[in-house]
Amino acid sequence: MFTMSRRNLLKSAASVGAAGVGLSLARIAGARAAETITVVEWGGDYFEAMKAMAAEQSDINVNWILHTGGSAAILPKIKAMWPHPGIDVLTGWDVSWQTVAREGWAEPVTLEKVPNLADIPQKLLVKDGAGNIVNIPRTITALSWMYREDTTPFEIAKLDDLLDPRLKGKICFPIPTLNQNVQMVSLALYKGGDEKNMEPAWEFVKKLARSGNIGRVANADVDTSNSLTSGETSVTFNNNGTFTELTRRNFKMRLLNRMDPMTTGFRTFYLQEGWCVLKGGNTDASFKLINFLISPAKNEQYNRIIGAMPANIKAAVSDEAKPFMFNNDEMNKYAYVPDWSYISEQSDAWMKRWEQEIQPLL
Amino acid sequence: MRHFKSQLLLLLPAAAVYLFFLVLPLWTVIAESFRTFTPGRIGAVAGAPLTVKNYTEFAGPVYATYFGQTYVLAFFASVIAIIIAFPVAYYIAKNASASVRKIWISALVGLMFLSALVRIYAIELTFGSVGILAPFMSFVGVNMNGTAYINIIIIVGLLHYAIPISILIMIGAILNLNPRLTEAAQSLGASAIESHLSVTIPLCIKGIVSAFLVSMTFGVSAFAIPWILGRGRVQFISNIIYSRFSEVSNYPSGAAISIIMLVLSLLMIFIISRIATFFDRT
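Respectively, the protein sequence lines represent chains A and B.
Counting from 1, position 173 in the first sequence corresponds to residue 173 in UniProt numbering; the numbering is continuous, with no gaps.
Counting from 1, position 60 in the second sequence corresponds to residue 60 in UniProt numbering; the numbering is continuous, with no gaps.
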């Protein structure tokens with residue numbers, strides 16, 4: 001029985017204190033056993049999937065940071081903190097890797113450090129000026145035009161249909177910094193240009209802006225999914241992740257791919273997403289975790305969750321990702337892989353042109 | 001002399017804070033704004049040549065429109081906020097009992113703590129093109145896809161912050177008002193409206209100007225409100241600054257537009273303060 005006295009109180013306090021110190025020491029010992037790294041990851045399903053898979057191993061603890069806005073938004077923060085960015089692993093895609101390579105931030109990737117890299121197609125690897133690999137791909141992402149069938153007043157058959165007055169306020173058009181502006185590259189290709197000759201695309205977008213059909217300009221993927229799910233807009237250009245997410249939520253989505261690009265203008269753009277290990281941090285632990293995550297089983301599991309195509313050739317493709325999976329013949333016919341290195345240098349010029357020529361027309 | 005030295009010593013910590021956290025970062029921004037940007041890089045590379053191009057590119061009429069849009073919408077929101085806030089502040093300061101005043105002030109302060117995003121999405125869900133009022137708006141013939149409507153919704157978004165802060169600022173000014181001056185005006189034959197316009201408002205002018213300036217400052221620097229409620233079709237200068245720094249990594253251009261905005265804002269504060277001083281004297 002506890003008797004209320006000064007001595008008993010002091011004894012109890014000392015016992016609680018000792019127990020607390022013991023627990024803290026145990027926690028510190030546990031933390032020391034596992035190394036901790038900081039990883040920048042996409043939000044939503046991407047983060048949930050990665051968090052769940054990282055929790056399946058106990059060697060490395062992860063301190064997660066989420067991207068805000070496009071993948072480029074984190075780069076100035078790294079530059080400001082360099083050479084001590086406080087980030088070990090950066091998630092990004094083709095265009096990010098071009099910048100990372102130019103800035104010289106990436107710890108070179110080798111087969112010794114990441115043995116599972118052997119199962120990743122060489123074509124997906126980005127190299128810096130010195131010939132070092134800077135990225136570790138995990139996903140093949142497809143970008144294409146898509147629309148909500150239940151809120152679109154007619155069946156969209158070609159890019160020119162975007163100018164149809166029945167689509168007043170129904171288009172969610174991504175800003176040039178989103179998807180690295182390949183939505184406009186698709187317009188350029190349709191009208192006889194390409195990423196290096198964007199004039200036809202600018203002319204088309206001017207007409208589109210004047211038509212009043214652009215209901216929202218998306219600054220981030222979340223703008224696109226919010227706009228489509230709320231019914232504010234119906235037509236957009238986005239990645240397979242958004243398409244899968246909306247389909248899973250029972251929205252009647254139609255993907256505009258596998259259509260003759262010469263007559264319809266609908267092309268699918270492919271890019272690879274993955275990781276880059278930054279110099280100066282806990283690189284060994286980072287490579288160890290990444291090697292675990294791109295093993296065939298884990299890569300398959302991750303891409304099944306996000307509805308995308310695995311970068312590891314030994315991983316199976318989920319049913320949800322199959323609409324985006326092209327064979328060689330289809331790749332030649334319907335897909336387009338732009339010059340990402342060139343595109344990565346155009347962001348500033350394209351964004352200024354948008355501000356000067358398109359935004360005033362909206 | 002000794003007194004002066006001790007005063008100087010007491011000022012040192014504050015001066016050091018200003019120097020390290022305001023002057024030094026501002027100097028970095030100014031220096032960056034004169035550097036040449038290389039596309040594809042992040043910010044200006046070390047030793048980049050000096051240029052004034054980052055400033056001259058904002059001289060065109062298109063960017064004048066962006067500045068105009070930002071300042072005009074913020075101005076209208078601030079004026080509307082003052083018009084709505086003054087009577088409320090007057091009631092709280094002069095007519096409400098001590099307990100009712102406490103409730104009002106607690107509610108207003110509480111409102112300031114409400115997340116900006118919650119307010120913005122509340123407006124979007126109510127007045128947006130698929131909001132709960134959309135059927136009514138369509139019925140009365142409002143074009144919810146039009147630029148005018150979007151601008152009005154942005155002003156509504158700005159008012160969500162401007163009204164409570166204006167009320168809180170003006171309560172202080174009205175509480176300091178000597179009621180005998182109004183009574184004197186009325187005893188000399190002025191009507192209630194005349195005494196209000198010729199005595200109460202001029203005596204509260206400093207509070208009104210303070211509330212206006214705080215609302216304007218919030219308005220011109222608003223980021224999430226035009227971003228979400230503007231549907232990406234309306235851009236404030238803050239959105240362009242963010243895009244330059246974060247999306248295209250053109251620090252020099254972002255720094256230049258930030259400096260232009262700073263100069264314009266200082267100019268605006270100077271002009272409004274002069275006007276307030278003029279009214280105060282007369």
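Note that these hints are calculated values from the structure, not bench results.
Backbone N, C-alpha and C define an ideal beta-carbon position, used for all residues, glycine too.
It is possible that part of the hints are untrue.
Computed list of lysine-lysine pairs in DSS-like fashion (alpha-carbon distance at most 30 angstroms, straight line) [what the hints assert, rightly or not]: (1) A/K206 with B/K206; (2) A/K352 with B/K53; (3) A/K196 with B/K53.
Derived, one-sided and incomplete: chain B residues facing chain A with beta-carbon distance under 7 angstroms [claimed, not checked]: (4) P39; (5) G141; (6) N145; (7) G232; (8) R233; (9) N250.
Hints and how they fare:
Proximity of A/K206 to B/K206 is assessed by CA-CA distance (about 47 angstroms); at most 30 angstroms being required, the pair is judged violated. For the given pair, A/K352 sits about 14 angstroms from B/K53 by alpha-carbon distance, which is consistent with the 30 angstroms threshold. Restraint check: the Cα-Cα separation between A/K196 and B/K53 comes to about 24 angstroms, which is no more than 30 angstroms; the hinted pair holds. For B/P39, the interface hint holds, the least distance from its beta-carbon to any beta-carbon of chain A being 4 angstroms, beneath 7 angstroms.
For B/G141, the interface hint is violated, since its Cβ never comes within 7 angstroms of a Cβ in chain A; the closest pair sits about 15 angstroms apart. Given the 7 angstroms rule on beta carbons, the hint for B/N145 holds: about 4 angstroms separates it from the nearest Cβ of chain A. A distance limit of 7 angstroms between C-beta atoms decides the matter here; for B/G232 the minimum to chain A is near 3 angstroms, and the interface restraint holds. Taking 7 angstroms as the C-beta cut-off, the interface hint given for B/R233 holds, the closest approach to chain A being about 4 angstroms.
The beta carbon of B/N250 is positioned within 7 angstroms of a beta carbon in chain A (closest approach about 5 angstroms), and the interface hint is therefore held.
Hint compliance for this structure: hints 1 and 5 are not met, and every other hint is.
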